[in-house]
Each structure stands twice: as C-alpha cells, then as structure tokens.
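J.: What follows is the residue order along each chain.
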Amino acid sequence: MATQTRVSHRHVLDLDIFSQNEIEEMLDTADSMKEILSREIKQVPTLRGRTVVNMFYEDSTRTRISFELAARALSANVVNFTARGSSVEKGESLIDTVRTLQALGADIIVIRHKQSGAPYLVAQHFAGAVLNAGDGWHAHPTQALLDLFTIREQLGHIEGCKVVIVGDILHSRVARSNIWGLTKMRARVTLCAPPTLIGPTRFWKANWPELDIIYDLDAALEGADVVMALRLQKERQQSGLLPSLREYNRYFALTAERLAELGDDVLVMHPGPMNEGVEIMPEVAVAPQSVIETQVTNGVAMRMALLYRLAS
Amino acid sequence: MRYFIKNGTIIDPAQRVATIGDVLVEDGKVTRIFNLTEIASEQGIVGEDVEIINARGCMVAPGFTDLHTHLREPGNEHKETIATGTLAAAHGGFTTVCAMPDTHPTQDQASVVRQIRQNARRTSYVRVDMIGAITLDREGKLLTEMIELVEAGCIAFSDAGRPLEDPAVMRNALAYASILGVPVMTHCEERRLNAGWAMHEGAAGIRLGLPGYPAAAEEAYIARDIGLAEMTGAHLHICHVSTAGGVALIRQAKQRGVHVTAEVTPHHLTLTDRWVLGSLAEDADTHATAGGYASNAHDSAGKRVRLDPTLLAPYDPNTRVNPPLRGEEDVAALIEGLRGGVIDAIASDHSPHAITDKAVEYGDAACGISSLETALGLVLTLVHRGEMDLVDLIARLTEGSAQILGRAPSSLRPGARADIVIFDPDAPWKVDTSTFISRGKNNPLHGQTLRGQVMLTMAGGSIVFRREDFGTNADHPPQVSRLDGILTNES
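In order, the protein sequences belong to chains A and B. Numbered continuously in this note's numbering, the first sequence closes out at residue 312. Numbered continuously in this note's numbering, the second sequence closes out at residue 803.
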C-alpha cells in the first residue's frame with residue numbers, strides 16, 4: 001500500500017506543523033463556537049450526516065466527553081469506541097481496527113492512545129481525518145489549543161507572556177504540545193521540574209532553543225503571567241523518580257504562599273485531572289486566579305473548531 | 313568449470329592490493345591473478361571450458377563475511393529460512409554468514425547445532441557458520457557445553473540479543489571459553505537503564521515523546537565486560553557497538569592490550585535517531601547542529617549521496633532497532649572508530665521480521681532491520697562522502713571479520729577458496745523492499761537511492777548470484793574512469 005509520509009494538514013496530530021497564523025485562525029474559530037455554546041439551542045447543523053468515532057485506548061473523562069459534546073453540537077453522528085470490551089481485547093491490531101471503522105463509514109477519527117505516535121499510524125491507514133486526543137508522552141494538541149485560547153481570552157494576548165510549566169514534563173504530552181503552541185505564538189516559556197522528571201535539558205533545548213529550564217520553582221515563577229501545573233502520577237514516586245510526594249509538594253507544587261507571591265493577575269491553569277495536595281493545593285485550584293474550570297468549558301468550543309476545520 | 317574475471321579492479325585487503333587485473337578461478341579456487349603487465353600472458357587461458365566474466369568498471373573483492381546474521385530457521389521460518397537468508401546474503405556480496413543462536417530450538421547443544429548445519433549444507437547458498445549459545449536456553453544462568461559445541465562446529469558464542477545480566481555468569485563464560493580460542497560475543501544493554509524504551513534517548517526522542525534508551529545503558533555494559541575480559545584473558549567481542557562512549561572504551565581497552573574486538577552495523581554507521589522523525593525531520597533541520605549528517609552532500613563527481621529520512625512517515629517502525637539509531641556524535645565516533653581500526657568489522661545484524669511484527673504502534677514493533685541486501689550500498693555512502701577509503705572499508709567486511717574468528721582472511725590469493733564479490737561502487741539504485749530476496753521486508757531505506765551495487769557473487773567457485781546477464785559482454789575495452797574519486801590511497 002502506498003502511504004503518504006508527509007504529515008497532511010487533513011489531520012491534527014500535533015501543533016508542530018501549525019504556523020502562528022493557523023493557530024490564530026483556530027482560536028478565532030473557537031471564539032465563534034463559544035458564541036454558539038452560549039445560545040439557548042447549542043447546536044448547529046455543520047456536521048450533519050458525518051460520523052465521528054471517538055477511539056479511546058486509554059481512560060479519559062473530560063477529553064472524551066468534551067469531544068462528544070463538541071461533535072453533537074455540530075450535529076455529527078458520534079460513536080464512542082473504547083479498547084476495553086472491543087475486538088482489541090481479542091487481539092485485533094490498531095490498523096485492522098481503523099480499516100474496520102473506515103468500512104463502517106467513519107469520517108473523522110478522534111484517537112487517544114497510550115503509545116506515542118499511534119495517531120500517525122492511524123492517519124496512514126485512514127482515508128478520513130484524524131484528530132489526536134492525546135498519544136503517550138508525545139502530543140495533546142487540542143489541550144494546547146484550548147490552553148492558548150484560554151490565555152488569549154483572559155489576558156487579551158499571548159505574545160510576550162511569560163508561561164511557566166511546572167511538573168512532570170518528561171512524561172507529559174500536554175507540556176510538549178503547549179511548548180509548540182506557546183513558542184509559535186511567541187510566548188516566553190519556562191519549564192520547571194526536578195531533573196528526574198525532565199531528563200537531560202540539552203535534548204529539550206535542541207528542539208526548542210528559546211526554552212528556559214529552571215529547577216527552582218520560586219525563581220522560575222518570578223514575573224510569570226501564567227503558571228500551568230501538570231498532573232503528577234503517584235507511580236512516579238514508587239518507580240524511584242522522586243524521594244517522596246511530601247518533598248515534591250514542598251518544592252514543586254503550587255501553594256497558597258506561592259500564589260500570594262504571584263499576585264492577583266496571574267493565571268493558574270491545570271489540564272486535569274488534578275492530584276490536589278500533590279502538585280496543586282486545593283485552595284489554589286479554586287482561587288480567583290484559577291481558570292481550571294474555564295479551560296474545561298473552552299475545551300468544547302476548541303474541539304468544535306477543530307472538528308469544523310477537519311470536516312471542511 | 314573455470315571462470316576468468318577480466319578487467320575488474322581487484323581489491324584484496326589481505327594482500328594490500330588494489331589494481332586493475334584479471335582473476336582466474338578453477339575448481340572452486342582462485343588459481344591466478346594477472347596484473348596489467350601480465351595481461352599479454354593470458355592468451356593461453358581462453359578455451360572452451362572457460363567462461364569470461366567482464367568486470368570492467370567494477371571492483372573484484374573477496375566475498376564478505378557477516379559475523380552477525382539472524383537466519384530464523386528453525387522456529388521462525390515465516391521471517392526467514394536458511395535458503396532465503398543465505399540467498400539474500402549472496403545478493404549482498406556475503407559469502408559467509410555466522411548464524412546467531414536465537415532459533416527455536418536454540419543452538420545450545422551439539423545435537424541442535426549438527427542438525428542445523430546439516431540443513432544448511434543442503435539448502436544454503438553461502439557458507440554458514442554456527443554461533444553457539446553462551447547459556448542454556450539463552451537464559452543467562454547455566455553455561456552450555458562449550459567444548460562440545462566447538463567440536464560440533466561453533467565458531468563463537470553469543471546469547472543473541474540478550475545481555476548476560478549476571479556478571480558472575482559472564483566471568484565464567486569468558487574464562488571457560490578462553491581455552492577454546494573462540495570469541496564470546498556480547499550484547500551490551502543494561503536493561504535497568506532503558507526500561508520501556510522505544511528509541512535512543514536524545515533530542516528526537518524528547519520531541520516524539522518516546523521512552524529513551526540512553527547511550528550509558530550500552531557503555532556501562534561494555535565497561536563491565538571489558539573488565540571481565542581483562543581479568544580472564546578471554547576474547548571478548550562487542551556486538552553492534554552504537555555509542556561514542558562505547559568506541560572510546562574499546563579504544564582504551566585495546567591500548568591496554570585487552571583481547572577485545574568490535575563490530576558495527578551499516579545502519580549505525582549511517583543513520584541517526586532523526587530517522588524516527590521521518591518527514592518531521594525536515595523542519596528539525598533548522599535546529600539541528602552541523603555534524604556528521606551530510607544532509608545535502610555531494611561527492612567529488614557532484615552526484616548526490618544524500619540519505620533522506622523525510623521519505624519516511626514519522627514513527628516508522630522500520631527504524632526501530634536494538635541498539636537504537638543513535639545521535640550524530642555517535643555516528644561520527646563510529647565512523648572514526650571504523651576508520652582507525654578500533655572497530656574491527658562491519659556486521660549486518662540482519663534481523664528479518666514478518667509484516668505483522670512491524671505494522672503496529674512504534675513502541676510495540678519488533679526490533680531489527682533486514683539489512684543484508686542494502687549493507688554494501690549503505691556503507692559505500694561513507695566512501696562516496698570521502699569519510700572512508702574503499703580498501704579499508706572492504707577490509708572491514710573481509711579480513712576484519714575473519715580475524716575476529718581467528719581465521720586466515722578471505723583473499724584472492726592463488727589457492728584461496730573462490731569466494732568472490734564483484735560490485736559496481738557507483739551504480740545508483742533505488743531500494744525497493746518488495747523485491748528483497750529476504751522474507752524480511754523491514755528496512756527503513758525503502759525508496760532511498762543508494763550508490764553501489766553487487767553484480768555477481770561467487771561462493772566456493774559457484775556463481776550464487778548474478779545481476780541479470782552481468783559480465784557476459786566480453787568485447788568491451790577496459791575502462792578505469794569510474795575509479796576517480798573512489799580510491800584515495802591505492803596501495
């Protein structure tokens with residue numbers, strides 16, 4: 001089978017091949033979608049007759065529901081597929097599953113997978129469009145776009161903002177996609193993590209020379225406009241990457257004291273799901289500076305914008 | 313049958329010869345070499361029973377010896393058989409392959425080795441030498457009956473793709489093998505340092521979010537095994553070295569007089585971790601530091617010698633190999649090591665797989681490249697770029713491997729077994745894996761244009777591979793222009 005090797009703009013697999021203009025266009029489209037969601041009847045006929053399949057090979061609450069609501073708001077037929085309880089458990093390969101979905105008439109596949117790169121494999125074997133809903137440690141472009149959308153909405157601009165991403169950077173697809181998006185939008189990005197959760201910094205700088213990487217959170221937060229905390233899986237401590245969650249919380253978590261230092265104008269973000277008391281304290285999550293729930297709300301508008309783009 | 317190979321450029325590293333001349337093969341042996349001044353004396357050669365092979369513009373060299381081949385038979389005949397693997401070897405110019413013991417049953421006892429040798433005698437196209445397992449079932453615990461295995465024909469020991477985790481077992485294996493005069497081939501991989509790995513730990517892996525296999529996981533093991541070899545006085549052979557640090561350790565050990573040898577694969581010499589990026593490597597170029605990767609290199613004749621990772625899709629499972637494709641600094645150190653003799657030989661690590669083993673998510677894909685048929689074309693890239701001399705390169709495919717096995721190097725000396733490869737060092741060809749003789753079509757070079765192609769391979773005086781009707785037109789006059797820019801230090 002002859003396959004396309006260049007990553008086509010027919011899909012959204014990561015923000016790496018997006019230009020600044022294309023990202024801005026997406027944010028503008030999401031603005032219109034958000035307006036639709038504020039109407040009494042939150043539905044438009046844009047995707048009527050199209051079939052969107054949500055393929056989730058990994059557990060997810062907000063992303064899956066968000067995609068489902070977005071597809072329904074555009075009047076698409078939505079099919080939810082989870083690996084559990086499907087032929088995947090009988091050993092069906094990803095490629096065969098995709099071919100089956102294609103034969104059943106899928107137009108758009110939304111895929112979440114624990115293996116980095118799986119959406120690229122799907123894209124090579126599927127005639128329709130593929131939307132990456134998170135693959136391994138690699139990318140989560142819809143999350144990054146909704147984060148950009150939220151920053152622009154709250155602060156009025158992205159360019160020149162100082163954004164600090166703190167937490168388990170090494171294993172985070174949210175971090176990688178946000179780095180692509182934020183650097184393309186000319187924000188200043190600072191990463192902060194213990195060395196075991198970021199790895200050799202030269203490998204990050206080789207991809208994104210403009211990154212600042214600082215191990216001391218208090219120093220990293222100086223002058224920040226936005227701070228994004230990442231989920232810390234408790235298994236990281238058990239696998240030896242951290243001495244204790246207590247120490248992590250003390251040196252790398254968003255606490256009320258740190259928030260007080262940052263002032264009233266900072267934006268506190270988190271992609272969810274949170275481990276309250278680990279990477280973020282409960283009172284910070286609900287502080288006036290927190291836009292964590294706004295992120296979730298904006299996620300539906302952003303995903304509508306992406307589905308609209310892929311369908312047209 | 314007699315063959316008279318005329319007008320080729322004879323490259324015989326064992327004799328330090330690189331000259332235009334003719335080779336006479338009789339009864340499976342090389343019987344005479346004629347250099348330019350002796351050509352007048354050839355008149356008596358031509359007769360009814362002599363086939364003249366016109367090798368003008370081509371190199372005539374001793375057949376290559378591959379130290380590291382996975383033939384898969386018995387047990388995984390859907391991936392490869394002795395017949396298909398050895399015919400693929402013949403297409404690649406190899407006249408001897410050393411069969412790794414990761415078969416089912418594994419080559420851990422004399423009866424199995426004898427049986428496989430018997431099968432090989434019946435079905436193989438080139439010579440097959442057997443590598444015995446170091447430990448029973450390759451489990452890293454109990455030593456095999458090494459003396460008996462050597463008597464049954466094993467020429468080396470290896471646990472094929474598995475590191476010997478227990479250093480005491482490795483010490484005992486080296487000590488025991490030291491009386492046998494055969495190398496212990498070690499796969500250096502500290503698996504506690506690369507748990508869950510999918511590719512090299514480096515910039516490309518960070519971008520792609522793939523779990524890393526750090527260079528130190530290889531280097532730590534090489535250091536350990538060198539220490540054990542030094543202690544036991546045994547012959548340690550490092551399989552497929554892939555890191556700059558590994559090359560440095562081997563260099564130091566050799567300087568101290570430790571009996572250590574090493575091999576490198578064609579892909580580790582020429583491809584980097586950027587190949588996993590595939591088409592995404594395009595924009596990564598803007599950040600990539602200048603280094604060993606010759607992205608737009610041209611040779612002295614102005615021909616493109618570019619290997620282009622962007623022909624692949626991102627995360628192409630055919631780029632997944634153990635050890636993984638490394639960084640540019642590693643590739644540069646491997647080339648330097650090969651040139652300076654720190655690395656003794658080029659070995660294919662031919663690892664054929666079925667399509668279903670590779671058509672999966674990257675991290676789940678089987679490791680390995682079906683490499684015999686692209687090996688020569690790929691390593692000639694180094695010659696075309698001016699990074700390695702052709703005679704030295706051929707030496708690493710012939711006498712380098714032979715010396716590791718403790719043999720007289722394959723040669724074109726009168727009296728030598730007629731294992732001969734004729735190749736055109738310049739001929740451009742496009743790699744099409746669907747035409748591979750090997751059952752394994754897993755090779756990331758699909759679609760690349762390589763320069764340098766095997767035209768004819770003779771094993772023990774029989775032609776085992778001939779490209780179309782190569783060499784049958786005997787009337788052409790000799791021509792030498794193709795050598796320009798290829799031979800940089802004729803000796």
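Some clues are possibly wrong.
[As the list claims (entries may be wrong)] With a cut-off of at most 30 Å between alpha-carbon atoms, the simulated DSS-like pairs for lysine-lysine come out as follows:
| no. | chain 1 | residue 1 | chain 2 | residue 2 |
| --- | --- | --- | --- | --- |
| 1 | A | K114 | B | K753 |
| 2 | B | K453 | A | K90 |
| 3 | A | K90 | B | K566 |
| 4 | B | K566 | A | K114 |
| 5 | A | K205 | A | K114 |
To be clear, the hints were calculated from the coordinates, so they are not data collected in a lab.
J.: Look at each hint and say if it fits the structure.
T.: Quick rundown of the hints versus the structure:
no., hint, in the structure
1, K114(A) / K753(B), "27 Å, holds"
2, K453(B) / K90(A), "35 Å, violated"
3, K90(A) / K566(B), "53 Å, violated"
4, K566(B) / K114(A), "45 Å, violated"
5, K205(A) / K114(A), "25 Å, holds"
Hint check: violations occur at hints 2, 3 and 4; the rest are consistent with the structure.
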